[in-house]
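Visitor: Chain by chain, the residues:
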Amino acid sequence: MNETVPNPAPPLQAVDYRLKGYHLEAMVAPDQVVPAARAMDEQGFSLDTITGVDWLAQEQMEVVYDYFHPARGLRTVVRARIPRDQPEIPTISGVFPGANWHERETHDFFGIRFLEHPDLSPFLLPEDADFHPLRKDYTA
Amino acid sequence: MNALASNAAAFLDAEPWRLLVWLAALLGFVALNAAYLVWVERKSAGRFQRRPGPTEVGPAGLLQPVADGLKLMAKQLVVPAGADSALFRAAPLMVIAPVLMGLAVIPFGRGLAALDLNVGLLMIFALGSINVMAIMLGAWASRNKYSLMAAGRMVSQNIAYEIPMLLVVTTMAMVTGTLDLNQIVAQQAGAFWHWNLFRLWVNPLMPVTFLIYYACMLAETNRAPFDMAEAESELVAGAYTEYAGMGFGVFFMAEYANIVLGCSLATVLFLGGWHSPFGLLPGLAWFLLKMYFLVFSVIWVRWTFPRTQFYVLLNLSWKILIPVSLLTLILSAAIIKIPKALS
Amino acid sequence: MVGAPIAPHPAAIAPKETFVLNLGPQHPATHGVLRIKMTMDGEYVDRAEPVCGYIHRMHEKMGENRTYAQFLPNTGRIDYLSAMHYTHAFVSVVERAAGIQVPPRAEFIRVITSELNRISSHLVWWGAFLLDLGGFTPLLYAFEDRERILDLLEGITGARLTYCYYRFGGLCNDVDDTFLEGTRQFIAKMRPRLKMYRALVTDNIILRKRLIGIGPISAELCRRYGATGPVLRGSGVTYDVRKAEPYSVYPELEFDVPTFPEGDSMARYLVRMEELAQSLRIIEQALGKLPSGPVMAEKVPRVLKLPAGDFCFAVEAARGRFMVRVVSDNKEVPYRVKLRTPCLSNLSLFEEASRGLFLADALALLGSLDLVIPDIDR
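Residue numbers (my numbering), protein chains in the order written: chain S, 106 to 245; chain V, 50 to 392; chain W, 1050 to 1427.
Simulated from the structure, these hints should not be mistaken for lab results.
Just to be clear, a hint being listed does not mean it is correct.
[Claimed, not checked] Facing chain V, from chain W, some residues (calculated, C-beta under 10 angstroms): (1) V1069; (2) G1091; (3) I1255; (4) K1258.
For every residue, glycine included, the Cβ atom is placed at its ideal position computed from N, Cα and C.
All chains should be modelled from the sequences, with the hints used to inform the complete structure.
Guide: Structure representation (structure tokens):
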């Protein structure tokens, strides 16, 4: 951890908004999502949504964090890739309390474990569900 | 034949048969009211909401109450497991009995009162408090969280509104000088400016007194906008959640009977009882006209206003109605007593 | 001994007695199948935990098994009360990715129908909210106005609620003069009705006591939970996707974004009532500026394949910011469809905002958030 810059800004790159629908994006390592969230928080961004994408062919899962700025109208996307056989990533619900439900839903759909999440019980699936429907290798 | 008729008349004039006939008639009156006030309410609600209301059963839906009554009677009265069976069954009875007794002292027309008590006003309010206790017992005996919460609210609401109601009634007793309802009506004989509502030289705040009485009556009968205990969309069916079939039907009947009792008392105390403003119809017809006009206004208010919150309701009573009704009481007392003391 | 501290009596430090009250999933006050586990301390709400998932239909999985065109009807059923907006977002994200140009007439008609949908959605909210508060009659008045909108939209789309009118590149069919004339008449009839609603309901003292100062939500709370729409605008933040990320022909139309700073239930109520008036203004301008021409782009491929990558589009739906993210791998079926719905973010702040409120006030707060539960569960 870099002590002199506690919340290093994520390496944002500009994107063609008219094609993609967002202005800036960054790819970060999984352990950098919390500092990235804190940087977004300090800048005044609001959490739009958190979701996952299952890249079966590459044996990775991608966690996508969308942020929007209520005053400046900017849209930012922060991504992180985690290995498919051990899908773990720290939770950002300490920074954005709204992430609680989004992370529960992503866990429901993909089985991604958000470390130190207060309550990772099923959000939309039944309480006793142990399957993850949006995985590409899921068969009913 | 004439001898038989006059014998029968003499027999029925004697107590206690006269009273029993009256009570039977009152029971029929209450039942008919409960049935057809529901029809009036549903039709009025429909018209206020720009729709026709019940039209299917009978001409203009007039047989709808019959259908509803049959449905309620056909349902099984389920006593929840763990509920206090005796209290659960007794509660509806305890709610309807005091209302019938209260209606017995109301003078419906010239000489048309079941009971000619010289403390009629006192009797109505003595019996009126049993209503609250009966609903509380029924809700507690249901063993249901929703019922208990609703009944708790209802008890504190009724206590809060009992006080200004009694202060208003005490003011009227002072103004008229009697507790006998027949005498109160007799004092208002003549054209409509003799009605107690316009007796401003004794109590200049008489219209305010009437409005306080009206608001307290709405609260005592648990009608909107004071229907915390019952129709609250938060508490399902409130105190009556566990009652099905005729148990619920009796509570329902008692609610409408209470409205009729409250409006009858308002007519007697403020609007001249059975006296007609300008002749034309017999006294009984005028009494019923005035009373049903007030009942219609109660129904109108229900479908117009939203509900208040509970603490706003209680604040209204404790912080506004009680001080104002105390003021009218003291004012009337001063106006009655001071000239006498000075002369 | 003098001076030694006295230990408090055990009764003085007894924990408060709470009980759990279960609101729903079938309940008159929750708009749809929502269950809220309320831990009550007497009349006060100690903790309110929403439990969702009773109407979870897994639209996002359906998005991976259907082509883009086959997924279109799904969009109308996520939030059925503002179906046009949701279809608009999905259709627009595909148009953005595939580079399809929508003709101006189609864009104007999309705006007109979307704003009509916003009005009908707000009318349902208004009636249902007042029903929660105990006023039974306004619901019927609102539905009378809504019938006119539904009749207009049925004439061109064939549906009363779950519209599927937009297609990739435009609309499925053009509007006729009956619709245009009917919409003008509707606007003329609706404006006096709004005045009546103000006089009869908004200015009613009981309603004001019920909503003013109740259920305060600060702008900071909204930001931390991602709340948008009237919830955010009722807390003083002027954020509207139509102005922040302009789309369709909204930049050519003049309208205000009503914002109220108080953050209580009354502010959120007033935001939506003002939005009704603003939507009427937008429709009027769009009707005036409606150009003639085709309503469908030329050369839209029958089998749509988007280039690889992810694409987003956000719209201002009736309840807030709705965003669709499509991840494509150049096949005719999307790789991933993510639906970011406003009601989920709006409800997530309920637990924190309702602590310590009376039950009646918590329910007024819930009603003022304007929730449609299928929107949360998808």
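Visitor: Evaluate each hint against the coordinates.
Guide: Status of the hints after comparison with the structure:
A cut of 10 angstroms between beta carbons decides the hint on V1069 (chain W): the least distance to chain V is about 9 angstroms, and the hint holds. Proximity of G1091 (chain W) to chain V holds as hinted, the smallest CB-CB distance being about 9 angstroms (cut-off 10 angstroms). The restraint placing I1255 (chain W) at the interface with chain V holds, with a minimum CB-CB distance near 5 angstroms, inside the 10 angstroms limit. Look at K1258 (chain W): its Cβ gets to within about 5 angstroms of chain V, closer than 10 angstroms, so that hint holds up.
The structure is consistent with each of the numbered hints, conforming to all of them.
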